[in-house]
Amino acid sequence: MRFSAPTRTGAAATIGLFTIAVIALFPLFWMLSVSLMLPGEASNFPPPLLPKYPTLTNYRALFEQAHIGRYFINSLIVSSFATVLSLSFNVTAGYAFAKLDFKGRDLVFRLMLATLVIPAQVAMIPLFLMLKTIGLVNTWIGVLIPFAAGTFGIFLVRQYALSIPTEMIEAARMEGASELRIFRSIVLPSLTPVLVTLGTFTFLAVWNDFFWPLIVLTDEHKYTLPVALAALSRQHVQDVELMMASAVVTIAPVLVLFIALQRFYIRGLLIGSVKG
Amino acid sequence: MRHSLAAWAFAGPGVAIIAVFFVLPVAAAFAVSLTDFDIYALADLKNLRFVGLRNYIELVQAPLFWRALANTLYFVAIGGPLSIAASLGAALLLNTQAARFKAFFRTALFAPVITTLVAVAVIWRYLLHTRYGMVNFSLTSLGFPQVDWLGDPHFSMPAIILFATWKNFGYNMIILLAGLQAIPKELYEAARIDGAGNFRQFAHVTLPGLAPTLFLVGILTMAGYFQLFAEPYVMTQGGPVQSTLSVLYLMYEQAFKWWSLGSASAIAFILFLFMLAVASLQLLVTRRMGGAT
Numbered sequence: 003m004r005f006s007a008p009t010r011t012g013a014a015a016t017i018g019l020f021t022i023a024v025i026a027l028f029p030l031f032w033m034l035s036v037s038l039m040l041p042g043e044a045s046n047f048p049p050p051l052l053p054k055y056p057t058l059t060n061y062r063a064l065f066e067q068a069h070i071g072r073y074f075i076n077s078l079i080v081s082s083f084a085t086v087l088s089l090s091f092n093v094t095a096g097y098a099f100a101k102l103d104f105k106g107r108d109l110v111f112r113l114m115l116a117t118l119v120i121p122a123q124v125a126m127i128p129l130f131l132m133l134k135t136i137g138l139v140n141t142w143i144g145v146l147i148p149f150a151a152g153t154f155g156i157f158l159v160r161q162y163a164l165s166i167p168t169e170m171i172e173a174a175r176m177e178g179a180s181e182l183r184i185f186r187s188i189v190l191p192s193l194t195p196v197l198v199t200l201g202t203f204t205f206l207a208v209w210n211d212f213f214w215p216l217i218v219l220t221d222e223h224k225y226t227l228p229v230a231l232a233a234l235s236r237q238h239v240q241d242v243e244l245m246m247a248s249a250v251v252t253i254a255p256v257l258v259l260f261i262a263l264q265r266f267y268i269r270g271l272l273i274g275s276v277k278g
Numbered sequence: 006m007r008h009s010l011a012a013w014a015f016a017g018p019g020v021a022i023i024a025v026f027f028v029l030p031v032a033a034a035f036a037v038s039l040t041d042f043d044i045y046a047l048a049d050l051k052n053l054r055f056v057g058l059r060n061y062i063e064l065v066q067a068p069l070f071w072r073a074l075a076n077t078l079y080f081v082a083i084g085g086p087l088s089i090a091a092s093l094g095a096a097l098l099l100n101t102q103a104a105r106f107k108a109f110f111r112t113a114l115f116a117p118v119i120t121t122l123v124a125v126a127v128i129w130r131y132l133l134h135t136r137y138g139m140v141n142f143s144l145t146s147l148g149f150p151q152v153d154w155l156g157d158p159h160f161s162m163p164a165i166i167l168f169a170t171w172k173n174f175g176y177n178m179i180i181l182l183a184g185l186q187a188i189p190k191e192l193y194e195a196a197r198i199d200g201a202g203n204f205r206q207f208a209h210v211t212l213p214g215l216a217p218t219l220f221l222v223g224i225l226t227m228a229g230y231f232q233l234f235a236e237p238y239v240m241t242q243g244g245p246v247q248s249t250l251s252v253l254y255l256m257y258e259q260a261f262k263w264w265s266l267g268s269a270s271a272i273a274f275i276l277f278l279f280m281l282a283v284a285s286l287q288l289l290v291t292r293r294m295g296g297a298t
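In order, the protein sequences belong to chains A and B. Following this note's numbering, the numbering of the first sequence begins with 3 at its first residue and continues without gaps. Following this note's numbering, the numbering of the second sequence begins with 6 at its first residue and continues without gaps.
Where hints are given, some of them may not hold.
Just a sample of chain A residues kept apart from chain B, beta carbon distances all over 12 angstroms, derived [to be verified]:
| hint | residue |
| --- | --- |
| 1 | L58 |
| 2 | T59 |
| 3 | Y61 |
| 4 | A63 |
| 5 | S77 |
| 6 | I79 |
| 7 | L129 |
| 8 | W142 |
| 9 | A173 |
| 10 | G201 |
| 11 | T202 |
| 12 | L234 |
In silico DSSO-like links for lysine-lysine, alpha-carbon gap of 30 angstroms or less [claimed, not checked]:
| hint | chain 1 | residue 1 | chain 2 | residue 2 |
| --- | --- | --- | --- | --- |
| 13 | B | K107 | B | K172 |
| 14 | B | K172 | B | K262 |
| 15 | B | K262 | A | K134 |
| 16 | B | K190 | B | K51 |
| 17 | B | K190 | B | K107 |
| 18 | A | K134 | B | K51 |
The hints are simulated quantities; they were obtained by calculation from the structure and are not laboratory data. Don't be surprised by glycine CBs; every beta carbon is placed ideally from N, CA and C.
Use the sequences and the hints to build the structure in full.
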């Protein structure tokens, strides 16, 4: 039997993709599998792929002794609150830069875009000193304040808001609707998809962030998951199974969120990457 | 005028947050880098002294700083192109018309990107374990010798590069895939009629069509890779023998371990200058190549 050329390239590409997918997913599969092993089971040769007697021992230890539930809730609070703030500030500003005329608009927007070349770490030491002066070091507000508004978020919303028909806004204005009312009943409904995109982006960025919370949070009780995980992994170097269970607790929520909302996430990534 | 006021009410809060919590600190960072800001100044600002460029001069004379810079450049120069090559390969496969299950593969290949960096770094630390790690198990099964990935200074940075490639290639893959899909089908048609094979189609249609996207991806990747920190922090703590100490790691230790905030700010600024220089170089090379064709 002979296959036509497109079928053969298709089969070869599918096999190639399958191989890469195995490499991409294997570490995550291994994490889940080892998290269900008995303590010490993974440190054997040859390394076992599946748990002999699947157990939740590690998860129990993690929640009862390592208090991972607390870090989970900390992460959840910080990420959710940052998402709400980011949605409020970036969406109003993004709309204004797209559809409202005001003095200095283009200049401010261009200056904002210029800040994109500056890495965030340059700002971090003075920001830390500022927060220290106003007593926000070691608080969650301190952790999330850099995420409350950002050039990227404003740009994302602006690009999307440009497609709202100006006539619609003008017509409402002619009928005497207030600016706030126009925003609430015309602009916000047509921005729904980008709200989901920006919300997902912010939540994932804050949940995964490490450098900034590592600097700001000094009290162990306030750690977010990544900071707690880094500290745990230094104390429990030998406890592979326990560490894999804590990795599962950290990664599972973002994976689920991404799989549910990936359409919005990918679109945001594509709009955002045209910024250059 | 009433409109202008309303508009500023919408734009103002967001712009103000960026100004106060980003622009102002960046400006302040330069000022701090010209002082001897340390733990005494942290306790009482009266102890703060202006030292001009002394922090910069001291850094340039410190071997550890050069070590960190060289490590970071190694990571950027090898890890960046390797990641982009992996992204391009995956994007080309996903763009193959006759390939199956493409939606599933796209999600699977992107999954590492959204995972928490610290958590997957912890996973990889165990996968790279000399005796019980899956990586060495696979290597020895294939007849290769065992490698002490995170304990041997010659292999620690390659290990981190492999990990970073795994973690990040999905991101550029999505952008490059969009770039590939934007190349008009007729161009491939025309090339085929002219008798161009797969390779020549790739060299004469795909690559030129993808050049702007590749440039963008190159800049984004370079900027991201200069900020290497969490990988060595979790996997090697900068070791062994400082072989994975990055510029940002050095800045973190200067600032928050030794509280030399003046010196740390100078490090941050030098990092920024290096990123700008490399970006300009990329722009220059792209212009040259664009001008030649």
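| query | For A:I79, is the shortest beta carbon distance to chain B beyond 12 angstroms? | reply | holds (17 angstroms)
| query | Looking at A:G201 again, its CB stays over 12 angstroms from all of chain B? | reply | The claim stands: A:G201 keeps its Cβ more than 12 angstroms from every Cβ of chain B (closest is about 14 angstroms).
| Is it true that the CA of B:K190 sits at most 30 angstroms from the CA of B:K107? | It holds: about 19 angstroms lies between the C-alpha atoms, which stays within 30 angstroms.
| task | Find the nearest Cβ of chain B to the Cβ of A:A63 and say whether that gap is larger than 12 angstroms. | result | Per Cβ check, A:A63 is outside 12 angstroms of chain B; nearest 16 angstroms; holds.
| message | If I take the minimum Cβ distance from A:A173 to any residue of chain B, is it greater than 12 angstroms? | response | A:A173 clear of chain B: closest Cβ-Cβ about 15 angstroms, beyond 12 angstroms.
| said: Over 12 angstroms from every CB of chain B: does A:L58 meet that, or does the non-interface label fail? | reply: A:L58 clear of chain B: closest Cβ-Cβ about 19 angstroms, beyond 12 angstroms.
| query | Holds or violated: are the alpha carbons of B:K107 and B:K172 at most 30 angstroms from each other? | reply | holds (20 angstroms)
| task | Report holds if the minimum CB distance from A:Y61 to chain B is greater than 12 angstroms, and violated otherwise. | result | holds (15 angstroms)
| query | CA of B:K172 to CA of B:K262, is that 30 angstroms or under? | reply | holds (28 angstroms)
| task | Take a quick look at A:W142 and tell me if its Cβ sits farther than 12 angstroms from every Cβ on chain B, holds or violated. | result | holds (15 angstroms)
| Would you say A:L129 is clear of chain B, with no C-beta pair closer than or equal to 12 angstroms? | violated (4 angstroms)
| Holds or violated: B:K190 with B:K51, Cα cutoff 30 angstroms? | violated (68 angstroms)
Violated hints for the displayed structure, listed by number in ascending order: 5, 7, 11, 12 and 16.
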